[in-house]
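Starting from the known structure of chain L, arrange chain S on it as the hints suggest.
What follows is the residue order along each chain.
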Amino acid sequence: MAKNIQSLERAAAMLRLLAGGERRLGLSDIASSLALAKGTAHGILRTLQAEGFVEQDAASGRYQLGAELLRLGNSYLDVHELRARALVWTDDLARSSGESVHLGVLHQHGVLIVHHVFRPDDSRQVLEVGAMQPLHSTALGKVLSAFDPVAHTEALEVDRKAFTPRTVTDIDAFESVLDHARARGWAADVEETWEGVAAVAAPIHDRRRMPVGAVAITGAVERVCDDGELRSELVAAVRDCARAVSRDLGAGRF
Amino acid sequence: MTDAHTTGPFIAAIDQGTTSSRCIVFDTDGRIVAVDQKEHEQIFPKPGWVEHDAAEIWTNVQEVVAGAIDKAGITAADVKAIGITNQRETTLLWDKNTGEPVHNAIVWQDTRTDALCKDLGRNVGQDRFRRETGLPLASYFAGPKARWLLDNVEGLRERAERGEILFGTMDSWVIWNLTGGVDGGVHVTDVTNASRTMLMNLHTMEWDDKILQSMEVPAAILPEIRSSAEVYGLAKGGVLDGVPVASALGDQQAALFGQTCFSKGEAKSTYGTGTFMLMNTGDEPVNSYNGLLTTVGYRIGDQKAVYALEGSIAVTGSLVQWMRDQMGLINSAAEIETLASSVEDNGGAYFVPAFSGLFAPYWRSDARGVIAGLTRYVTKAHIARAVLEATAWQTREITDAMTKDSGVELTALKVDGGMTSNNLLMQTLSDFLDAPVVRPMVAETTCLGAAYAAGLAVGFWPDTDALRANWRRAAEWTPRMDADKREREYKSWLKAVERTMGWLDEEN
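From first to last, the protein sequence lines are chains L and S.
The opening position of the first sequence corresponds to residue 3 in our numbering, with each subsequent residue numbered one higher.
The opening position of the second sequence corresponds to residue 541 in our numbering, with each subsequent residue numbered one higher.
Looking at chain L on its own, in the form it has when it is part of the complex (with noise of 0.2 Å):
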């Protein structure tokens, strides 16, 4: 029988002991409790502290519990928190573009918009928060389908209709064009699920590299392409702004 890693058990048994009884203990008290050289608590606890499992109180460099724990515990990323963090970046991404900016999670086989921020025009539009996108055909649904697993077999396993006769929907097309997406970062619908209007989108990120989103500019095709090809001014703002959005979100712990 395969013996156990003693590393992992002794990190095991250093989590149990900082979740039970008192909150916060010192290197000593660790090593001793379970009777441990220094040396190798010390390394051990680096490792957990490095990887956010544990955390070291700066004022009496004891250790406690850390932040990560719960967020393994609670892993998806809330959507209004998304909101909330890319609230500036997306409004800057409007105003210097011209264009609508939406920004989609995955949600049962489709693209759910959780923040929609207007054309900066005046306009009349009406807000799309809790419309839902297809998957294979936006600019959106192609950025979730490329990064994010999940979302790659749902969209594998969708119907994929086509709304425009320049949907793909062959599932070997539609591989490449994921392929291409992965390359090069972003994904584009240009009269793919609406006659007239073309879409570029690139994926956000949280401080694990996981995919949780993306953020799109979408608009009249005259004005997001040039010679049918992607004005690259705006690809680069839309990577510029789920960049941004990706950093705060890796930022801040909670």
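Misleading hints may appear alongside valid ones.
[What the hints assert, rightly or not] Straight line, CA to CA, 25 Å or less: simulated SDA-like cross-link-like pairs of lysine to any residue:
id, chain 1, residue 1, chain 2, residue 2
1, S, 578, L, 250
2, S, 636, S, 547
3, S, 578, L, 246
4, S, 611, L, 250
5, S, 611, L, 184
6, S, 611, L, 241
7, S, 844, S, 1000
In short, the hints are calculated from the structure, not lab data.
What follows is chain S alone, placed relative to chain L:
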């Protein structure tokens, strides 16, 4: 934010706030180019007392100005004007000759002048100076704070009477220092900040001699009252040497300006820890009989002053924080929406967060918080919903009071502040008000307002129409609730409010 909009010119806005000082650089479209921010210490010498070290604040202001200019990659030559906005009512006295504060600044939240305000009311009560100032006698306002300092700092009154001491709210302190301090600094305040001292007559826009006498504040220490948008002087020294200092507005008035509420009946509401709502009432001050404050909205140069009604809600964002920190029902503020969205309605529960009494429009200090309508059916999700509805109903109560006082119906509410990211709250607000709720694209409306006023003063923008043209709608929520349901729910809310009153046996 490093797009291709770094070609000037620019306006720099300084926001000297309660917890931090910030500087934001804006371009001609009103877009943010760079931000710098620094927090300062909150000093609590005794329960209920809150002070700031004004010297620390001035150091921080210089640092954030330098920081923002550096981040923007520009120089003083690219900056056309400096605008100031500030925490309101926070009071400072300093030595004219040394530039040293004689005491820490007394912060607006500080309640040390409670007893003094009661005394000042004499046999008339809270409203003794309301007709002249638009304000009730309450510990927030600057006049009584100045009086407290004059009475309690050894030898200060004598020095003040000899003309050695200057008084100011934080706008005055920042402008005086920016324009040279002991070396020729200008001692001014703007009409909006002056309107929060309880020393200015709203009708004449001048210091009121009678009130000064009653309050025992010598006129010699007071700054000159100027408009909110004019060149007060040029910055002397520092990274912005030579740039005109061209606006000052209290923070809530600056937000009103930044939201471009330039017409009578336009209103904005800022949703943070608490909520402040201001409505433009045009060029006549409107007396409030419904527990609101009458205040100056702004004054551009030598144009007529524009007045506003103000209503504040003490507990809004802080109720969500309470749900997180004290109740542990959510892990982050944003999760309140997730929890509240998991149910269709409040399940019959109403939450009135009268944690320290009821404020506008009731003003009942004997009230305490209540959760009413509980049954076994009610879950924590219903309570979360009731929490969000509490903010929306309280806004409705303030808008009702504003309509009663001003006779103007609210056509749309412009919102800003952290809670505007809560989609369910914004929809609920629109449902309860039966009016559209609109969020602008620039969230930093306070700094933007100061920048706008400064820009107008130096001709960076020609007029308020140009500023309106800059305003962009980022989102709009429209009412979806039917009228019957709204009325039924409002009745239940009002019943819950009634149940908070008289909880404390005696007011004290």
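Results of checking the hints against the structure:
Between residue 578/S and residue 250/L, the direct Cα distance comes to roughly 19 Å. Compliance with the 25 Å bound is thereby established for this hinted pair. Of the supplied pair hints, the one linking residue 636/S and residue 547/S is violated, its CA atoms being roughly 40 Å apart against a limit of 25 Å. Using a Cα cut-off of 25 Å, the hinted pair residue 578/S and residue 246/L holds, with the two alpha carbons roughly 21 Å apart. A threshold of 25 Å between alpha carbons decides the hint, and for residue 611/S with residue 250/L the separation of about 19 Å falls inside it, so the pair holds.
The straight-line distance between the Cα atoms of residue 611/S and residue 184/L is roughly 33 Å, outside the 25 Å bound, and the hint therefore fails. The suggested pairing of residue 611/S with residue 241/L holds, with an alpha-carbon distance near 21 Å, which does not exceed 25 Å. With a C-alpha separation of about 21 Å, the suggested pairing of residue 844/S with residue 1000/S holds against the 25 Å cut-off.
When held up to the earlier numbered hints, the structure conflicts with 2, 5 and fits the remainder.
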